[in-house]
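Q: Dock chains B, C, D and E against chain A, hints included.
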Amino acid sequence: MSLDLSSYRDLMLALLPELVLTGWALVLILFVAWRHKTINDLRIAGWITLAGLASTAGVTWWLWWHRTAVAGIAGMVAADDFRWVIDWIFLGAAALTVLISVAYLEREQLLAPEYYILLLFGTLGMMVMAAGSDLMVIFLGLELMSVSVYVLAGFDRRRARSAEAALKYFLLGAFASGFLLYGIALTYGATGTTNIGLIGAQAGLMGPPSVMLVVGLALLLVGFGFKVAAVPFHMWAPDVYDGAPTPVTAFMATGVKAAAFAALFRILIQGFASVPAWHDMLWWLAVVTMVGGNLFALAQRSLKRMLAYSSVAHAGYLLVAVTSGTSAGTSAFLVYVVAYTLMTVGAFAVLSAKGRGGESDVTIDDLAGLASRRPWLAFALAVCMLSLLGFPGTAGFIGKWYIIIAATSAGQNVLAAILVLTSVVSAGYYLPVIMAMYMKPEPIEAAHVDAVLDRWGRAAVAFAVVALLLFGVWPNRLFDLARSAGESVRPTMSTTPSGQ
Amino acid sequence: MTADAGTSIGLVWVPPALALLGFVLNGTIAFVRPQAKTAVSIIGAGVLLAGFAVAVTIFTGFAALHPEAAVVARYWSWIPVGTLQVDFAFQVDQLSLVMLLVVTGVGSLIHLFSIGYMKADPGYARYFAYLNLFVFFMLVLVLGANFPVMFVGWEGVGLCSYLLIGFWFSEKANADAGRKAFIMNRIGDFGFMVAMFIIFWVTGSLDFATVFAAAPTALTAGGGAITAITLFLFLGCTGKSAQIPLYTWLPDAMAGPTPVSALIHAATMVTAGVYLVARCNLLFAMAPVSSAVVAGVGALTALFAATIALKQWDIKKVLAYSTISQLGYMFVGVGTGAISAGVFHLATHAFFKALLFLGSGSVIFAMHRAYHHAHLHDDAQDMRNMGGLRRWMPWTSALMWIATLAIAGIPPFSGFFSKDEILAAAFARGTAQPIWLLFWALGLIAALLTAFYMTRMMLYTFHGPNRTGDGAREHLHEAPWIMTGPLVVLGMLSVAGGLLNIPELYKGGAWLHHWLEPVTAPGAALLPETHLSHGTEWALVGVAVVVALAGIAGAWRLLKPESLVPAPQSPEERGFERILRNKWYVDEIYDALIVRPLVWLSREVLWKRIDQGAIDAGAVNGAARGARAAGWANRWLQTGQVGVYVAAFVVGVLLLLWRAVGGGS
Amino acid sequence: MYARWVVTALLVWPVLAAAVVLFVPTRLAKYVALGASLVELAISVPLWWTFQPTTGMQFIVTHHWIPAWGIQYMVGVDGISLFMVLLTTFLMPLSILGSWSYITKREGGFYALMLVLTTGMIGVFVALDLFLFYVMWEVMLIPMYFIIGVWGGENRLYAAIKFFIYTFLGSLLMLVAIIVLYLHAGRVTGTYSFSYMHLLTQSGLLGSSAWWLFGAFFLAFAIKVPMFPLHTWLPDAHVEAPTAGSVILAGILLKMGTYGFLRFAVPFFPTVALDPTVQLIIVALALIGIIYGGLVAMVQPDFKKLIAYSSVAHLGFVMLGIWALTLQSVQGALLIMINHGISTGALFFLVGMMYERRHSRLIEAYGGIARVVPMFAAILTLVSLSSIALPGTNGFVGEFLVLIGSFRTYPIATALATTGVIVAAAYLLTALQRVIFNPVTHEENKKLTDLSARELIVLVPLLAGILWIGIYPKPFLRRMEPSARQFIEQVRPGATANQPPIAEASR
Amino acid sequence: MLSPLTFFWVFAVIAMLSALLCITRRNPVASALWLVVTLFALAGLFVLLDAQFIAVLQVLVYAGAIMVLFLFVIMLLNLGRPGPSDIKGPAGVLTAVVLAGAMLVLLRPVSNAALSEGVTLPPGSVAALQQQQGIVGSVAGPLFEAYLVPFEIASVLLLAAIVGAVVLAKRKL
Amino acid sequence: MLNPALSVSAVLFTLGVAGVLFRRNAIIIFMCVELMLNAVNLTFVALAQVIGVGGQVFVLFVMAVAAAEAAVGLAIILAVYRHKQSVSLQNMNLLKDG
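Chains as they are written, first to last, in my numbering: chain A, 1 to 500; chain B, 501 to 1165; chain C, 1166 to 1672; chain D, 1673 to 1845; chain E, 1846 to 1943.
Hints are not guaranteed to be accurate.
Mimicking DSS-like on lysine-lysine, the simulated pairs with C-alpha atoms at most 30 Å apart in a straight line are [stated by the list, open to error]:
| hint | chain 1 | residue 1 | chain 2 | residue 2 |
| --- | --- | --- | --- | --- |
| 1 | E | K1929 | D | K1844 |
| 2 | B | K672 | B | K619 |
| 3 | B | K619 | B | K537 |
| 4 | B | K672 | B | K537 |
| 5 | D | K1844 | A | K37 |
| 6 | B | K811 | B | K1060 |
| 7 | B | K537 | C | K1612 |
| 8 | E | K1941 | D | K1842 |
| 9 | C | K1639 | C | K1270 |
| 10 | E | K1941 | E | K1929 |
| 11 | C | K1270 | C | K1611 |
| 12 | C | K1270 | B | K672 |
| 13 | E | K1941 | D | K1844 |
| 14 | C | K1612 | A | K440 |
| 15 | B | K672 | B | K1108 |
| 16 | E | K1941 | D | K1760 |
| 17 | A | K37 | E | K1929 |
| 18 | C | K1270 | B | K1007 |
| 19 | E | K1941 | A | K440 |
| 20 | D | K1760 | E | K1929 |
| 21 | C | K1611 | B | K537 |
| 22 | B | K672 | B | K811 |
| 23 | E | K1929 | D | K1842 |
| 24 | B | K619 | C | K1270 |
| 25 | A | K37 | D | K1842 |
| 26 | C | K1612 | B | K672 |
None of these hints come from the bench; they were simulated from the model. This one's a predicted model, so the numbers in the text were calculated from it and none came from an experiment.
So here's chain A without its partners, still in its complex pose (with noise of 0.2 Å):
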């Protein structure tokens, strides 16, 4: 169904799931200003998140099955297939987080339901990033999803960890929302308008690209590049990923991650499909990202940390499909998200139920032996592990040789050989957890007994796993899924952006 924006239903109709969800947000307030004493308004409350989330996929299914989409240069927000899909994995994120989080909470006594207010309003931020198709409305949607994932950083704010980690997060990220502000502005200034699509229209028509583009452009993909977590603008991340809540943080480096990418894939291809500086500007950033990431993981203990940092290389990974300008480029991206969003969740779900407190103490020696102790669990890290690692037979594997195609196509090879070849510096830090857990013994009996998930847990866990194995084996209906939504980010003029 095509909308037409000017006019109100279409409108409505366009921002349906925002629309849904901020009513199920808006429930959810209500609820908690009566019911947020007992646990069990915790469960409730994260029942109700868990509907909103559902009823929002609902509402966009219904919309991608009517293949709904905008008639000429969209106004304020974007329809397309892109859109759809990658608010199904936003939401996926968010579900699979609200089921770590149940226990999560009870454990760590965090009885405020405020919660998962928070994270239906930072899922909503990202949905307004992939939404928007006008700069303001990403940047009011960025700053929606980062006020939200600030507060969640610092929920635990009885430990000083948690607090810390919200500060830095906050400090650097509004440091980071001026320079992605002042950004914007040039960008405005060069082509007097704020949407991408008549921005890729004013920049077709400009000839070489002005001064002033290109400095916002490259201010934008500064304030992107910090919330992807991108060398060298990622310091923030181990800390705070390491001081925030657990399923926090798996919301943090899964869902805020890709919401990031979503939007940066819209700006560059349909708004800067003509400025080619940005290709080499995300080249660079790309390798010093993958590079970077992989190598400082390596001297990682704690686990958290290990995966902070493994995501900070998974931006770089994510970069390179970036950096191709290619549909097929956005195409990977999106299949390497759901990967990667599934394997990151899977990994922080396990390491919850491994730790306390945060679980910023949690090694990788401490895994040892948990494959004797707790197979299932063991197994599915490892399963995690070697997606992360892009191993065949894993999704993993699937979403980075989708990138690696694309990088290739567009002529990237070296791209994708530093790609690789980071990956098998990656294989330096995923290996020795798999190490631990099944080639070196329980350092004392009985070490493992209390790594248990509970129920909500153990579905986030299992749904993961198995989709990470279904996709790497038969990835064939995710692919066209990914292949219509990346042709659907298109450049707004026919001018084609030059490769590398």
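A: Same frame as chain A, now just chains B, C, D and E:
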């Protein structure tokens, strides 16, 4: 010409098959029922005797046919790849028949001897299994119709030699000797293989018949290819037949049981090289340089080994060096082009050297038994512990004297004819190519030394006073008949072996020479025409006999068995004697120049420095460590201080701006 | 019918069986696994007869897998892969039976991994789709990683990760090369497909990028072979792996490298492979492998390490044979690949059997045991002889063919390589002497028990193989000849024109 | 005559100077107050740039509400004295100056840039619009028409911020 | 007045960045970030004069964002202060590598 099933030639597969059967049966017995010695004896010796009988029938069948070409029996296609078609095939011709008879004949006698000699050994069945296996491979060697099949036997006999030298493997020295033999042989085999490669790429085949037929057209006589082929082949021969520079394994090989020394290290295996040169006489004839090398190395070896034999105390070592020396003679013969002379000496040598070894075996057997009864652990092989044994072992003594006269070249014993023929041939070729005169001279000196050291050995062993020791002496006995019997037969052959090839000079028929003509003719046609007058020939004969007699007489006069003391009390030799006693220090030189540097290189440089150091610790683990260090270095930045983070952030901004504004484009 | 399902069955059956093995009671695991591997063998054996000795792929099965990228499930067998598959199915039951008493913890896991490994290995050899090939190539990595890491010796973690990362490094660059090749072929033809045949026809027009692609393939395969100086993972992996792991590692995994050269690296990039510099480098490396591997093997105190370095030497012969590109040398190389699997496999079994008794792999720990365990000694001797290529054993036929074939192409190098036979005798016979000969110096060795019936059952098929190929290799040569010929023709057209095919009539 | 440009530079200099003082004063209260001065100066600039409504909001919302919040927190935390460690050591300052200087140099081309043809309106058209729709109306129109969606998102953003602030501040978790 | 305004804006922005770089007090750093946002506002307003009122609307949104950030940010600072009795970033070193 292919094998005709109608004649006895078709039975050529039987002797090797019998030997193989013997191996399988005895091998099984060795595992299942090692004490079943009677069965082992019957099988072990039986297959050989049967084989000899079959060989004789084949011989008669073949002789009746008078074929000019070899009869080839193809069994199966072994390695068929493209133009390389190697069949598992045997070939019967004059040369291989001679070898077949020698191997099965002498082999049978030695098997019989072994029944007595090894009686008490716990590895009796294993011993006969090995011995049968050896005969099998030896037959494959001499019967093979192409180079690869011959190579099967060639390496197979090396294997059996290895196993039998190290038969009493619980002694490290024995096992060492076996290994040394195998590796030295492998060096030679390397030459054999390379020669095969060149032959194949030059002639397109490895079948003897095809190769020899194609050689005159495919190769230029005296050219590089043919010289390379023959030199590489000869490298193989130096290994197998213990010539300079690869001879050092053979003296050590005496660590094996004495019948093994007789069979493998005297009569058959070590002559394989001679057989190979004889087989490829055409190729050698086409390569004069190689022929000179063969003859030269042979002559040098003959002399060199003889010098060492002068000062050996171990009775088997004396014989070992004598074998090396005699093999040198054979190479002089075949190198000269006197193929029939070389083969003739091969045959006679098989008789008298087998006799000598078996005789020494009897002596050692007796000595050993005596020491065993006296509960002594003296060296049963050291001649200084013997002396005057003819009193206790008259048969052995007499038979070994026959062999000694034969090897010394005293007419009319067999060795006289064969050795003389070689020297005469060398002299004759020397008239055309003077270098051969030098070889002849070397051979003559070696003959002198041969007579000398053999007499020395006989004197010290059987004559003079006995030094065995009082307690042991009373236990000395002649060996049982199963051992002496074969000695007698070999003695007769040593005496009469010359009949095989009485030269025309003595109005003989030169039977062997004519018999081998179909094999040797192509090569002989290429050799320079030489002719010696009867006068010259008689003069040469005279010189040779005088030299031999001089050697014996000299030894008789110079050596004083009475002055010897038993081994434990013997003083160290000094000066030149000491150098000879220590075999010119060749083993030590090889060890210092090749073995130890190689091991050092492998261990210290290749393994520790390169493999573990440079590659593993340096490159591989170094890369891993480097990556990890880079990660660790990040700790200096990731300090938790927001200020540092902001600074890094701003640096990133600046770099991006720089590339955006103009630095990048 | 058989031709339709056999390859697929070979791939699927072990995985199914592995799942069963995981869930049956632990004490039954080994029986189930053995049964499953025997069934696998039974499935594969008729290939021997149904395989037609002609050019090209047989038993092809094609099925859509990921149509979006032109990825198919496409498998098939030719004269090269046939023997690799049979070798795999042949060694697997033996390995499982040989692990019977060696593996004492987590048996279910071990045997399940062995079965999964079977699928991976066969998959590598039968894959005709490069995506499938790559997936299988990596899939077999994980079971091996676990087998070394969980059931290995003291330093197993280091060895396991080294093995993994080394292989991973090579294979990932190959992955990029595969994709570049795929895109290139797609651009030229408009058909995007990972099919081997499709890519093969299009790889000729790559221009200078062929160099890089070849380099990536080369690295992946050279690590696996392993060629000097990329070999140092092998000694560690071999030493630390449990017996069955070493057997499979040496017997089959290493062959994946040379198989890769035969199937992919050389046919895809013939101009690069035939470039004089490349030839020089590869032949030099092969030569270094042969001699260096042998010399280093000579000074190893650890028997397994010795065998590992000897593998470097043996595989050097294979590489030499492949690059020499004559019918003889290539068939010789193929035969060595089989022989090495049998002989080295047997050697590892034997060392493992002694290890179970004495818990030492050091050569020094033994000595003189031929008196105590004659059967063991006899078999060890025979296998060693096969390994040093004594004529009459399988080793000789392969090495002889490689050398005689290579001599025409690289005479000097081949002559030097032939010295490898001397070195081989030096290291293996020395070790043999120090293990089974010499005086008995350790009290413990006086009470060793000789091979059990089970161990004999493991070894006898290998011995049979040694003698069969040594004496009558024609059935093997006949089946591999057309494929070897095709391989050479792909690289150097017309090179085998004057080489007559094996005449059916000849005996 | 004092041209608008003169006024512009007066306000600009005030803004920059007070910003400099804001970032260099050790006393947080002083810093905050200097920031307020900057904000006022900016409001003046906004007026000169035909954005009177924004200027008013700047004073009301920014200088009024937000900065009061800052001061409130500073007072609440009793930070009204210069902290010894508030400003980094010489190395830190030097780094900051160098980096900031470099950034200024890199941003320099932007300030010199001329806008491209198709982007700009005819001079004075914004003022004309304000004449026509009123100062508030000219901003409110687009805010509730074209920018309705961001406006609503901003409302949700504020709601989320409220919830977040409540969660962080409430006594019991 | 566009280019002068852009220059002033760049200077103010840089001053904000410089402040973030060499201050340690979290509140002052946050104020410097506010300064950066205001610098951008100036850019928007200056651009609005020549491009259209859209730029002014953005400033409104930026103010909303600033308000939201201020609310959350100050709450976070308060939360941290409760733990450390300090808002100096020098003391924020619980989270780091190693």
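Q: Of the numbered hints stated earlier in the document, which are not met by this structure?
A: 9, 12, 14, 18 and 24
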